[in-house]
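What follows is the residue order along each chain.
2 protein chains.
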Amino acid sequence: MTVILASGLFPTTLHALQYLREADFIACCDGAANACVAAGFHPDVIVGDGDSIAPEVAATFADRIVRISEQETNDLSKTFHHCLKLGRRDEYVILGATGRREDHALANLALLMDYAEEHREVIMVSDFGTFYPCRDTKRLTVGVGQEISIWNFGASYFSAEGLQYPLYDFTKLWQGTLNVATRPDIAVHAKGTFLLYVAQPD
Amino acid sequence: MTVILASGLFPTTLHALQYLREADFIACCDGAANACVAAGFHPDVIVGDGDSIAPEVAATFADRIVRISEQETNDLSKTFHHCLKLGRRDEYVILGATGRREDHALANLALLMDYAEEHREVIMVSDFGTFYPCRDTKRLTVGVGQEISIWNFGASYFSAEGLQYPLYDFTKLWQGTLNVATRPDIAVHAKGTFLLYVAQPD
Numbered sequence: 348m349t350v351i352l353a354s355g356l357f358p359t360t361l362h363a364l365q366y367l368r369e370a371d372f373i374a375c376c377d378g379a380a381n382a383c384v385a386a387g388f389h390p391d392v393i394v395g396d397g398d399s400i401a402p403e404v405a406a407t408f409a410d411r412i413v414r415i416s417e418q419e420t421n422d423l424s425k426t427f428h429h430c431l432k433l434g435r436r437d438e439y440v441i442l443g444a445t446g447r448r449e450d451h452a453l454a455n456l457a458l459l460m461d462y463a464e465e466h467r468e469v470i471m472v473s474d475f476g477t478f479y480p481c482r483d484t485k486r487l488t489v490g491v492g493q494e495i496s497i498w499n500f501g502a503s504y505f506s507a508e509g510l511q512y513p514l515y516d517f518t519k520l521w522q523g524t525l526n527v528a529t530r531p532d533i534a535v536h537a538k539g540t541f542l543l544y545v546a547q548p549d
Numbered sequence: 348m349t350v351i352l353a354s355g356l357f358p359t360t361l362h363a364l365q366y367l368r369e370a371d372f373i374a375c376c377d378g379a380a381n382a383c384v385a386a387g388f389h390p391d392v393i394v395g396d397g398d399s400i401a402p403e404v405a406a407t408f409a410d411r412i413v414r415i416s417e418q419e420t421n422d423l424s425k426t427f428h429h430c431l432k433l434g435r436r437d438e439y440v441i442l443g444a445t446g447r448r449e450d451h452a453l454a455n456l457a458l459l460m461d462y463a464e465e466h467r468e469v470i471m472v473s474d475f476g477t478f479y480p481c482r483d484t485k486r487l488t489v490g491v492g493q494e495i496s497i498w499n500f501g502a503s504y505f506s507a508e509g510l511q512y513p514l515y516d517f518t519k520l521w522q523g524t525l526n527v528a529t530r531p532d533i534a535v536h537a538k539g540t541f542l543l544y545v546a547q548p549d
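Heads up: the sequence lines are chains Z and G, in that order. 348 is the number of the first residue of the first sequence in this note's numbering; add one for each residue after it. 348 is the number of the first residue of the second sequence in this note's numbering; add one for each residue after it.
Since the hints were made in silico from the structure, they are not lab data. Treat the numbers as computed from the prediction; the structure is a model and nothing was measured. Watch out, some of these pointers could steer you wrong.
Since the list gives no way to pick out one identical chain from another, each pair is judged satisfied if it fits inside one copy or across any two copies.
Result set (PhoX-like, lysine-lysine): computed pairs, CA atoms no more than 25 Å apart in a straight line [stated by the list, open to error]:
#1 Lys519 with Lys538
#2 Lys432 with Lys538
#3 Lys432 with Lys485
#4 Lys485 with Lys538
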């Protein structure tokens, strides 16, 4: 499993930190390396324009800093594409992508939909939940009562199994939020792409 | 000015807290009253299903709790509509709408676009920036160098004055993010509705 750590809120829950503990490869977006090292994890690569890396982190991991200064994409995209370029084809888990600047978070969520077209297995995990970019049918094992949200990125013909409220072809970003799993095996069916979120129980 | 406090991240910056200090009326979404009271502010009304209000807060402010248990809208919408029903027509500032559960934050941002159709002056403020729902032309005074993001909610014919990167008719949620103000008086022109964000300087 490849973990990509972005510069939003560093994970603090056991569930989210578990991905860092079990990672085979940790790629940090620029200054995210600081929090990564402070938490006791060693980045395998640090990608970005290099202007946010703390001097002591830059010195310790100088051999694995990849400086990409172009301004067309953000640090998360630079890091994701660098991992693909390294040939990594395992499951990608993106951490730290939300939780501070809302514009970064929204951009990262939209980019996740793009990444899913380039790599089959990529999810985004925060202290508060997990985002799964989906196409057509998505089946998941969850907890009964877990809150599930769905955002439509151009899909139609929505239907679901194991969700409390019926789905329809949502046109607004709030319409598919706060559904509830009524059984552990849920499925969402649609034609096209959508984003599914499983909220972490409190 | 009417402040509506939702149950996301309670504001901590001087800039965001200033709205609570200067509020003429503070409306709390259910459990948000707990953080409000803990920070030394007195809610004028507490709206929601009442299940998240701490017992001591519920006891102290029992005379101003408005219980609305219907499940069709969220606590923010219940509170917003209650303020309108009270006849408040001043500027509305929504705080605490982002910063924890991402599904709540996304729903609240989408709902902000709806609220702007019902009430002319409504913005959303967090520790990290300010959201302005816009229609057609939006003029703002900002700091030179401040980061500006724009999300398109169905508008077209985008153009701008005082922004570093040219605008176009964005179709994806990341495309209008991370622009930069090149002068203090900026203007965004479009036909239709969009959401503008001014990031708070670090």
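Verification of the hints:
Proximity of Lys519 to Lys538 under the C-alpha cut-off of 25 Å is found in both arrangements, the shortest distances being 17 Å within a copy and 19 Å between copies. For a Cα distance limit of 25 Å, the shortest separation of Lys432 from Lys538 qualifies neither inside one copy, at 30 Å, nor across copies, at 41 Å. Proximity of Lys432 and Lys485 under a CA criterion of 25 Å is satisfied in neither setting, with 28 Å inside one chain copy and 42 Å between copies. For the identical chains of this complex, Lys485 and Lys538 are intra-copy neighbours only, at 11 Å inside a copy versus 37 Å across copies, given an alpha-carbon limit of 25 Å.
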